[in-house]
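Student: For this one, chain D is given, so just place chain W on it according to the hints.
Number of protein chains: 2
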Amino acid sequence: MTFIDIIRKKRDGFNLTKDEINYFINQIKTNNVVDYQVSALLMAIFFKGMTFEETANLTEAMVNSGTRVDFEDILTCDKHSTGGVGDKISIPLAPIVASCNIAVPMMSGRGLGHTGGTLDKLESIPGFNVNLTLDEFKSQIKELNLAMIGQTKEIAVADKYLYALRDATCTVESIPLITASIMSKKIAEGTKNLVIDLKVGKGAFMKNVQEAEELAEYLIKVGKLNGVKTTVVLTDMDEPIGKMIGNSLEIIESIELLKGNIKNGDFYELTTYLSALMISKTLSIGFEEAKNKVLESICSKRALDKFKQLILKQNGNPKVLEDYSVFPNAKIKKDIYAKDIFGDFKTKYIKEIDAFQFGLFANSLGAGRNKKEDTIDHSAGIEIFIKIGDLINPNTKILTLFSNKEESIIEVTKKIKDAINLSDSKIIKNSKIIKTIDYDSIK
Amino acid sequence: MTFIDIIRKKRDGFNLTKDEINYFINQIKTNNVVDYQVSALLMAIFFKGMTFEETANLTEAMVNSGTRVDFEDILTCDKHSTGGVGDKISIPLAPIVASCNIAVPMMSGRGLGHTGGTLDKLESIPGFNVNLTLDEFKSQIKELNLAMIGQTKEIAVADKYLYALRDATCTVESIPLITASIMSKKIAEGTKNLVIDLKVGKGAFMKNVQEAEELAEYLIKVGKLNGVKTTVVLTDMDEPIGKMIGNSLEIIESIELLKGNIKNGDFYELTTYLSALMISKTLSIGFEEAKNKVLESICSKRALDKFKQLILKQNGNPKVLEDYSVFPNAKIKKDIYAKDIFGDFKTKYIKEIDAFQFGLFANSLGAGRNKKEDTIDHSAGIEIFIKIGDLINPNTKILTLFSNKEESIIEVTKKIKDAINLSDSKIIKNSKIIKTIDYDSIK
Chain D
1 MTFIDIIRKK RDGFNLTKDE INYFINQIKT NNVVDYQVSA LLMAIFFKGM TFEETANLTE
61 AMVNSGTRVD FEDILTCDKH STGGVGDKIS IPLAPIVASC NIAVPMMSGR GLGHTGGTLD
121 KLESIPGFNV NLTLDEFKSQ IKELNLAMIG QTKEIAVADK YLYALRDATC TVESIPLITA
181 SIMSKKIAEG TKNLVIDLKV GKGAFMKNVQ EAEELAEYLI KVGKLNGVKT TVVLTDMDEP
241 IGKMIGNSLE IIESIELLKG NIKNGDFYEL TTYLSALMIS KTLSIGFEEA KNKVLESICS
301 KRALDKFKQL ILKQNGNPKV LEDYSVFPNA KIKKDIYAKD IFGDFKTKYI KEIDAFQFGL
361 FANSLGAGRN KKEDTIDHSA GIEIFIKIGD LINPNTKILT LFSNKEESII EVTKKIKDAI
421 NLSDSKIIKN SKIIKTIDYD SIK
Chain W
1 MTFIDIIRKK RDGFNLTKDE INYFINQIKT NNVVDYQVSA LLMAIFFKGM TFEETANLTE
61 AMVNSGTRVD FEDILTCDKH STGGVGDKIS IPLAPIVASC NIAVPMMSGR GLGHTGGTLD
121 KLESIPGFNV NLTLDEFKSQ IKELNLAMIG QTKEIAVADK YLYALRDATC TVESIPLITA
181 SIMSKKIAEG TKNLVIDLKV GKGAFMKNVQ EAEELAEYLI KVGKLNGVKT TVVLTDMDEP
241 IGKMIGNSLE IIESIELLKG NIKNGDFYEL TTYLSALMIS KTLSIGFEEA KNKVLESICS
301 KRALDKFKQL ILKQNGNPKV LEDYSVFPNA KIKKDIYAKD IFGDFKTKYI KEIDAFQFGL
361 FANSLGAGRN KKEDTIDHSA GIEIFIKIGD LINPNTKILT LFSNKEESII EVTKKIKDAI
421 NLSDSKIIKN SKIIKTIDYD SIK
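So the sequence lines, in the order shown, correspond to chains D and W. Mapping the first sequence onto this note's numbering, position 80 (from 1) lands on 80, and the numbers just tick up by one. Mapping the second sequence onto this note's numbering, position 154 (from 1) lands on 154, and the numbers just tick up by one.
Extracted from the complex, chain D is given alone in its bound form (with noise of 0.2 Å):
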């Protein structure tokens, strides 16, 4: 078997056998494939797919690359999304879980282009150590129930290389590679039950329902044939989650939702939302009875007091959770009125916010990166009042800009216009929930 053989047998629209999937993976391990074919296989699977039964192969033998963590008897959740804007769910969904006696085996990404990443998120916390061991990890999951971290080296180590290089190459958007990667590590990492929150529409993977639904299916198979037990809930990622994109302010904004000063719109609804469903699945009770735990772990500051112990025990300072100031701060901070933008008008109705867009104004203000090496700003960002479906005049404040960079401000202020739909009749709000996969309904 050589590396050239599975390459042409892909591109040519036959199925890789379980050995040949292995022998892929194993090439990468082992350091003994070039970049140059790893990169044309992909396209080709980009092109020509792959059944469930080679995902769940590639997916397997992704996992086997590195190590498999075991919590035996330990109840785990873990909730996965593929990636928002203002997506700050798991911040205080993983608390919550965990106050409610499931451990949440959290390993989580960066972000990168328009999507931020749970950990910047977290390391906007002055002290907070994403980096822990896989023995401190395993260690703290024993003691606290609840870990959030960065994916370490042991895990999926074939998935770190094939990502990258996807990144690069423009074969990121692969039903079968999404499956393999996220399931590979999820698998990895130990957890038993894993909620995945789909995101559908502009500035997501899947722009719609259709795809959404054939990479639910898949995931889920994935999981069933690896002994997790995985439930897709398909979002509607049209907007930004919530009022906040940037990494200090989606920490604020999920300490508020854990102080319960939160308690509608469409970032309580998902955190709640999906918090419910990992603990009915889970536990196995009723979806209201789980929702009931979550409200009764918000309402008691259960909670908050488990972020505060994760932050403590990794290493943040817990004095942001009293003092927002404690947070690097802007330096320059912008309020846009909807007449700086829009002129005169009587009143209209927000009918559009560009997520896509929105996630690239937080970037350029400082809150992301555009290469992987690149630094980011804890501080900046973009706080929203509005969404989809309010009722406007021109004197309503619709966004503050936080940023150190006065010509990304600049930037940032001139393309707002083209981020946000207005109309003059009334545009209904839906539920961002768009639809529930269970585990079950997947044969």
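Keep in mind the hints are simulated off the structure, nothing from the lab. Be a bit skeptical, because a hint or two may be false.
Each pair may be met inside one copy or between any two copies, as identical chains are not told apart.
Stated by the list, open to error - Straight line, CA to CA, 30 Å or less: simulated DSSO-like cross-link-like pairs of lysine-lysine:
1) Lys414 x Lys9
2) Lys48 x Lys18
3) Lys160 x Lys48
4) Lys371 x Lys29
5) Lys417 x Lys334
6) Lys48 x Lys9
Tutor: Chain W only, in chain D's frame:
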């Protein structure tokens, strides 16, 4: 513009602009792109194709990645073959055409896998130097009307890189990429007329006539847009050409043709047809008149003399023309009779001689390469005493194997049975020339 934008655009099926194609080739030329991004783009081109316009722009960019030779008002014509087994046609053809007052500025390649290469064949002549500088090449063309060399470093710089990468990434069989690779080299070497021998059948890139016609149209159109009058001849590549496969063996067969000792069969038919076509197109004379020039050039030994001048000029030993023992000699020569392979039978017709398999046999006897770095044995090869349609009996000598490796002789002997098909009923011998697609027939 970034390279990844170009990959995405092609991946999603859009046409690349001239600027984008120039950027792509320029990034290669200036060493500003990583191999894995180029191979991803090549695979996307493999799947999504390129229009004539894109292909012409790609070819032009590849020509401009190096030097373009200009022979001004010298009449020039070259021949290119897409690669066959036993395909020594260039060896006698180039001196035939050059002896008819047409300059033949021929830059050729080396063999790989089942196909041989003109350079390797020429190097079986002791001392023969295929590595002229571009200046030496130009002055030899002016002096002798003939040079047969390897592509110099200045010619189509980007093609060398792309060709190697395509070979390693299964992106060879793409009509626009084949077109740009062939035509960029031929345009750059300075020929104004070109005849392409496009092989069709087993052991050829083009498996059927329809595909070959599509490639022919690309080749002719791209030639037209770049000032090279191109005629494409589709020829059948189902059995090896002529009777010899192997480097010195094919030179010997070529000398025999130039001496007038071979007067029929596919090798003779193809060589005289393609030579006459080159002369007819370049001098704008009728095909029959051109054919007479070819026959006269062979009969008068002017072509043989031109070949002798070429050998002398490029430091080869001209004694090979008179004494074939000057060539390297294989230690083992094994005759194979029909009964050795097929046991006892009365008489049968030869139905099939698998050119691809025979190419691999010659390779494993030492005549070819599996990797570019492999050295080759100029003495190794196969003499084939049968052609499709021949009637044989058990005592017919069918092959002689030449090698210095006993174990390869044994291995090949075992496999021959599967590469020759016999028939009880008569087989009609067809002309190897399927179709000639004229420059003027393509708008």
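Student: If a hint holds in the structure, say so; if it does not, say that too.
Tutor: Results for each hint:
no.: 1; hint: Lys414 x Lys9; verdict: between (50 Å within a copy, 27 Å between copies)
no.: 2; hint: Lys48 x Lys18; verdict: both (17 Å within a copy, 28 Å between copies)
no.: 3; hint: Lys160 x Lys48; verdict: both (23 Å within a copy, 28 Å between copies)
no.: 4; hint: Lys371 x Lys29; verdict: both (24 Å within a copy, 24 Å between copies)
no.: 5; hint: Lys417 x Lys334; verdict: within (16 Å within a copy, 83 Å between copies)
no.: 6; hint: Lys48 x Lys9; verdict: both (10 Å within a copy, 18 Å between copies)
Checked against the numbered hints given earlier, the structure satisfies every one of them.
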